[in-house]
Amino acid sequence: MTLKNYIFALFFLQLGFDSVHFARIDYQDRQKRKLDKSLEVIWRGSRTFGSSSQVNFLPFCFKGLFLLLYFDIVLPQIFANAFPVHYSAPSGFSFDITDDDSYPIPVQDDPQLFDYNVEERVNDFIAAAMTQANVTRTNHIMWTMGDDFKYQYAEAYFKQMDKLIHYANKAMHFDAHLLFAYMASALSTVQKQLLAQDGRVHALYSTPSIYTDAKNAENESWPLKTDDYFP
Numbered sequence: 001m002t003l004k005n006y007i008f009a010l011f012f013l014q015l016g017f018d019s020v021h022f023a024r025i026d027y028q029d030r031q032k033r034k035l036d037k038s039l040e041v042i043w044r045g046s047r048t049f050g051s052s053s054q055v056n057f058l059p060f061c062f063k064g065l066f067l068l069l070y071f072d073i074v075l076p077q078i079f080a081n082a083f084p085v086h087y088s089a090p091s092g093f094s095f096d097i098t099d100d101d102s103y104p105i106p107v108q109d110d111p112q113l114f115d116y117n118v119e120e121r122v123n124d125f126i127a128a129a130m131t132q133a134n135v136t137r138t139n140h141i142m143w144t145m146g147d148d149f150k151y152q153y154a155e156a157y158f159k160q161m162d163k164l165i166h167y168a169n170k171a172m173h174f175d176a177h178l179l180f181a182y183m184a185s186a187l188s189t190v191q192k193q194l195l196a197q198d199g200r201v202h203a204l205y206s207t208p209s210i211y212t213d214a215k216n217a218e219n220e221s222w223p224l225k226t227d228d229y230f231p
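Okay, so the sequence shown: first residue is 1 according to UniProt numbering, each after it adds one.
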């Protein structure tokens with residue numbers, strides 16, 4: 001499903017969603033949003049609705065008495081997150097057996113083997129995280145680690161991600177939270193959190209709802225979008 005029309009903000013809100021996360025928007029729109037850090041927005045179904053916390057007063061006259069009725073309107077708006085690239089893993093971090101075009105470098109953590117590369121892979125991990133952190137707001141970022149037809153040998157894929165989370169949490173030295181989200185994985189409800197030894201950084205298996213809660217907790221002032229994602 002391609003989520004581009006503004007009416008989706010209303011539909012998903014009525015279905016009980018508090019956020020939507022998607023990949024496909026126009027490439028020019030995506031590039032602009034990366035530059036001004038507006039990939040994540042408050043998506044409102046119409047610019048005529050006003051703020052979601054809008055307070056309304058209705059004057060009412062009854063038998064010569066002037067009354068002022070107060071009511072609060074819950075308006076159709078939702079947190080919308082357009083991915084910075086796609087819903088696939090960042091370059092170099094897809095470990096599926098179908099990745100024949102660019103063979104990924106696995107994390108080799110046995111120091112007795114010639115291709116031991118924990119430090120190298122962690123540095124790659126940090127560099128990729130910083131690249132994404134530079135185009136989004138707050139210190140929480142989402143890595144979507146799925147794609148079409150991936151996880152055909154899921155055990156090997158998850159083993160590599162387990163290693164990345166473990167070693168990155170021991171070594172990372174920048175203030176960011178990395179959330180691995182599996183949009184199509186049956187294991188998307190699994191949460192594994194390994195706190196960094198220095199207490200500043202952690203990576204964890206996550207879900208879109210956990211990510212949204214973390215974003216909301218930051219009390220960030222998000223850009224407002226009231227139109228479509230169509231080009």
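Warning: the hint list may mix true and false statements.
Taking CB as the label site, the calculated pair distances span [claimed, not checked]:
1. 16 with 109: 23 to 33 Å
2. 116 with 228: 44 to 54 Å
3. 219 with 26: 49 to 59 Å
4. 214 with 123: 23 to 33 Å
5. 139 with 31: 41 to 51 Å
6. 17 with 223: 29 to 39 Å
7. 228 with 112: 22 to 32 Å
8. 110 with 217: 34 to 44 Å
9. 97 with 216: 31 to 41 Å
10. 28 with 113: 16 to 26 Å
No lab work stands behind these hints: they were computed from the structure.
Every residue gets a Cβ at the ideal spot worked out from N, C-alpha and C, and that includes glycine.
Status of each hint after checking the structure:
1. Between residue 16 and residue 109 the C-beta distance comes to about 42 Å, which lies outside the given range of 23 to 33 Å.
2. Restraint check, residue 116 to residue 228: a C-beta distance of roughly 50 Å satisfies the suggested window 44 to 54 Å.
3. At about 30 Å, the beta-carbon gap between residue 219 and residue 26 misses the expected band of 49 to 59 Å.
4. One distance hint, 23 to 33 Å for the beta-carbon pair residue 214 and residue 123, holds here, with the actual separation near 25 Å.
5. At roughly 23 Å, the beta-carbon separation of residue 139 and residue 31 lies outside the given 41 to 51 Å, and the hint is violated.
6. Distance hint check: the CB atoms of residue 17 and residue 223 are about 19 Å apart, inconsistent with the given range 29 to 39 Å.
7. Distance hint check: the CB atoms of residue 228 and residue 112 are about 57 Å apart, inconsistent with the given range 22 to 32 Å.
8. Checking the proposed 34 to 44 Å range against residue 110 and residue 217 shows it holds: the Cβ atoms sit about 39 Å from each other.
9. Evaluation of the 31 to 41 Å hint for residue 97 and residue 216 yields a pass: the beta carbon distance comes to about 38 Å.
10. The beta-carbon spacing between residue 28 and residue 113, approximately 46 Å, falls outside the hinted interval of 16 to 26 Å.
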